[in-house]
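Visitor: Letter by letter, the chains look like this.
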Amino acid sequence: MASELITKYMREEHLPHIWCPGCGHGILMRDVAQAIKNLGIDQEKVCLVSGIGCASRAAGYMDFQTMHTTHGRAIAFATGVKMARPDLEVIVIAGDGDVAAIGGNHLIHAARRNIGITVIVFNNDIYGMTGGQYSPTTPTGEFGTTAPYGNIDRPFDIAVLAAAAGASYVAKGTAYHAPQTIKLIENGIKHKGFSLIDCAGICATYYGRKNKKGSAVDMMKFQRDNTITVEQAKTLPREQREGKFILGKLVENDFPEFSDEYQRIIDSLKEKKQ
Amino acid sequence: MSKRLIVNPAWCKGCGICAEFCPKKVLMIVKEKVTVANPDDCIKCGMCEMRCPDYAIYLEEAHDEE
Chain S
6 MASELITKYM REEHLPHIWC PGCGHGILMR DVAQAIKNLG IDQEKVCLVS GIGCASRAAG
66 YMDFQTMHTT HGRAIAFATG VKMARPDLEV IVIAGDGDVA AIGGNHLIHA ARRNIGITVI
126 VFNNDIYGMT GGQYSPTTPT GEFGTTAPYG NIDRPFDIAV LAAAAGASYV AKGTAYHAPQ
186 TIKLIENGIK HKGFSLIDCA GICATYYGRK NKKGSAVDMM KFQRDNTITV EQAKTLPREQ
246 REGKFILGKL VENDFPEFSD EYQRIIDSLK EKKQ
Chain L
22 MSKRLIVNPA WCKGCGICAE FCPKKVLMIV KEKVTVANPD DCIKCGMCEM RCPDYAIYLE
82 EAHDEE
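Chains S and L, in that order, are what the protein sequence lines are. Going by the working numbering, the first sequence opens with residue 6, and the numbers climb by one from there. Going by the working numbering, the second sequence opens with residue 22, and the numbers climb by one from there.
The reader is advised that the hints may include incorrect statements.
[As the list claims (entries may be wrong)] Here are some chain L residues pointing at chain S (derived, C-beta under 10 Å):
#	residue
1	Cys36
2	Phe42
3	Cys73
4	Tyr79
[Stated by the list, open to error] Residues from chain S that keep clear of chain L, each with C-beta distances beyond 10 Å, as calculated:
#	residue
5	Ser8
6	Arg90
7	Pro153
8	Ser220
9	Phe227
The set of hints was computed from the structure by calculation and includes no laboratory data. For every residue, glycine included, the Cβ atom is placed at its ideal position computed from N, Cα and C.
Whenever a hint applies, use it, and build me the whole structure from the sequences.
Guide: Take a look at the structure:
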């Protein structure tokens, strides 16, 4: 028993999913399904690739061509799929640890190449599946099972990192702002080059508990009350931007796309031969 | 076409997100499951469906019923 959207785009026999009560990943996974539905893309033409972690379980739940691969390597596998079948819509779902720590190198080089895949980050600032270790996006001073006295690392801003590495579409969404996040994911998928949508999730079980953020409802309220738009972020002084969630598109441009450029070389060599 | 609110208690984990952010306070969590407490107040906005992490509540087109 499920809505039309879920019946069509999810593998109902694997639901309910194993994510915790109030997990933001469930909301974000639905956002991805809704975005694909809104775009009217043929389900068989979508290849969803994931690595390892809570977020990466999405490839098991979602009913497309799917690959559940190794830790941090989803973008590498997705690159292979895109080069072999440039006609496919290749989408990566990854957690913050998967994409920015273990797979950090794949992320920056895929962005630099501007290969036409869409990376959707379910960013909950912690390693949930393995028990709450701090991740590359855990804010300084916050707690994890591996940071019992507070995290002394400075966090990555994955969206800014991807933009600096050359990604041609970068946006930020949140679990709370579902309608806006769906639209940003839609635009990311439509975009020709490398797209990344960094979505702030909710992990009440580990991140919330370790940092006394309350329940999933409390964390959703916090997101609602502490989100500013990209435009507001540009005008606000730095101290007022601290700790805020950002919502909206950061970057969009038309750098040449990698699989197109590769095809251009093939075509030019064929022409020479004739 | 009119819509109706459907609850799937088997998938509900009782997180309370739907009830908290329902603009009309239509929903309640009773014994860790969502309940449609005030169905007449529902404006069919669909925010519960959009934010339910477990797809346990949704709007469905109401087909002709006798």
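Visitor: If a hint holds in the structure, say so; if it doesn't, say that too.
Guide: Structure-based check of all given hints:
1. Cys36: holds, 3 Å
2. Phe42: holds, 7 Å
3. Cys73: This hint holds: cysteine 73 (chain L) lies near chain S, its Cβ roughly 7 Å from the closest one there, short of 10 Å.
4. Tyr79: Holds - the Cβ of tyrosine 79 (chain L) comes within 10 Å of chain S, reaching about 4 Å at its closest.
5. Ser8: violated, 4 Å
6. Arg90: holds, 30 Å
7. Pro153: The claim holds: proline 153 (chain S) sits with its nearest Cβ about 27 Å from chain L, beyond 10 Å.
8. Ser220: It is violated; serine 220 (chain S) is separated from chain L by about 7 Å at its closest Cβ, not greater than 10 Å.
9. Phe227: Answer for phenylalanine 227 (chain S): holds, closest chain L Cβ roughly 12 Å.
Checked against the numbered hints above, the structure breaks hints 5 and 8 and satisfies the rest.
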